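Chemist: Below, each chain spelled out in residue letters.
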Amino acid sequence: MGATEAVVRPGAISPFQASLRVALRRLQVVWVRIRHSRTAMVGLAILIFFIAMAVFAPWLAPYGPIDRVADTSNCVPSVSCPLSPPSAQHPLGISEEGADIYSQVIWGSQISLIVGIFAAMVASVLGTAVGLVSGYLGGWVDEVMMRFNDVVLSVPWLVLMIVVAARIGTIDLLGLILVIGLTGWSITARVIRAQVLSVKERLFVERARMIGSSRSHILLRHIFPNAFPLIFANTILTVAVSILSEAVLAFLGLSIYNTVSWGKVINQAIGGGALVIGGNVWWLVVPGLCLVFLVFGFYLFGFALDEILNPRLRRR
Amino acid sequence: MAQILKVMVRKGINALITIFGIICLNYALLRLMPGDPALSLTPRDPKYQGLAEYNRQLFGFDKPPWEQFVIYLQRTVTLDWGISYRLGLPVFDVLMRDLGWTLLLVGTSTVATIIIGMIIGSIAAQKRGKPFDILSTATGIFLYGMPIFWLGYLLLAVFEKGSIVGHYFTWWPALPSQGYYDDMLGPWSWDGAHLTSAAQHLFLPALTLTLGTLAGISLVMRSSLIDVMTEDFVTTAKAKGLSDSQVLRRHILPSGLPPMVALIALDIAFVIGGAYQVEVVFNYYGIGWETIQAIDNLDFPLLQFIVVVGGVAIVLANLVSDFILLLLDPRIKVT
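Chains as they are written, first to last, in my numbering: chain A, 16 to 331; chain B, 5 to 339.
Treat the hints as calculated values from the structure; they're not laboratory data.
Just so we're clear, the structure is a prediction, and the values are computed from it rather than from any experiment.
One thing to keep in mind: the hints can contain errors.
Stretch by stretch, here's where chain A covers chain B in the computed footprint (C-beta under 8 Å, at least three residues) [to be verified]:
1) 8 to 22
2) 135 to 148
3) 156 to 164
4) 272 to 286
5) 303 to 315
6) 318 to 328
Even glycine gets a Cβ: it sits at the ideal position worked out from N, Cα and C.
Make the full structure from the sequences, and use the hints.
Modeler: Below, the structure is given as structure tokens:
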């Protein structure tokens, strides 16, 4: 290590910084392509809409996520009773517990985005680490890791999440993120491993090996930057999957107790008789549509990125 | 042929290792978490007092960990999985009964998904960039992002007996949304009335699951075929003067299909996850519905082996698709 540092000229940057710079330069190139892809731009617009909703929720929502705006003592019939239908004051009506559903839907965007993004990051970091190491080292390390990956991939993710969540008992934000992230990395690992396997046979990696570069140097400086765009696109698709996972868990009753998410609102809507004739259908439909559009936005953006970044498709 | 056999044996061994891994992971899930496992296997209710002791004996929680593991393995292999609290029946019997109905649901919708998805995908690939392609791709991605439970509720709202639509239009079909078949018919037997009723009860859950998983197949079918369409041998085939349908059947499909088989296998885990939601929405008493009941009633003996049963089902599905893949695509044999 000392010998190499001696010949490096002053002001030189570490391999990690260098690989980061390469990655950033690639992202810049990608941004130009994104601006020319209609699919990506539509996806991005949807994402910006929901991110704005989440960021400005405290100003947009007339009430807090679990504020009671009505109970049987202060209720004015047909306007502000629990289970009231939509009205001018409460555009989506009032829930069984007396909360303003419109406010809940706006606040719900925060949980969906936070859980989705952070769980996807946990899954991506884990999956990338496993994919890089197992793809590059090969041999028995690869064999062991891929067998473990098979196990995680084969256990039905929903059951795994439910069992873990049920064993933890009460669930908080961090717990939810970990449950979704720790059960969702295996597909990422497979995708990254496949990419590493193809990059590692390229000529420049061969050359780096010839001039005596260390394994970690090749991995960080040559292979990681080349896999980075794919990792990025894959993370965005994983966010969509994580958002859906959160919604499914909330729908099954496994949600954070002191706040709302769209899945939880849907759960309460079913409990509050949204499907019964004369029930408040919007209670069920609006949070569901928000989920669908948010996930649609991530998918559009992610698929478009994938098409931009995947060299096999780019040649056409 | 000998080489195919060798690969098959290796895949079989890998599958066994994976199943063993699932069994180990399941052991860790229950034991590594804080708390006395014998107590957490028992509901906190005075009437179950004796059960903690029974479970301690059955799974040997008072013995050292390695001995516990051996006992657990023995129990797992001999299918002696304990008694479900909720039902008072052996866990294995309960799970096998439920698995049958879940497989009926998953099987029906998988077959429908594959057939419809492949047809839509190949039409979209042929009409790339035309309205049909754009419409089907956009609808596909939209459906792909739809939470399956929500889709189920929407269908329920529209088609259920006494639904909102049926309230206004008397000719609207009213489909049952509860259970396997009409309880009025008495216990199950293989006669026309039971079969018709079972099919009616299956329709909405299967439709939900099909719509929810359709896009996964049709989108990949489309991109897989488009990949092949730009290969040189397709251009050659067209240059020879073959008709479009001939090129599709003889040249594009044979090399475009193998990736689909691999995808369908990967998709099965996703479909089973979807089946869980569908079963809860429609009260279809399969493995998923049983899981939720087990959680609500803290029926841990049942819960702990649901992971094993689901995992083994997915491993076997993957293995079968691997074998089909081997027979379909000779190039894979080498790797």
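Chemist: Going through the numbered hints above, which ones does this structure break? Give me the numbers in ascending order.
Modeler: none
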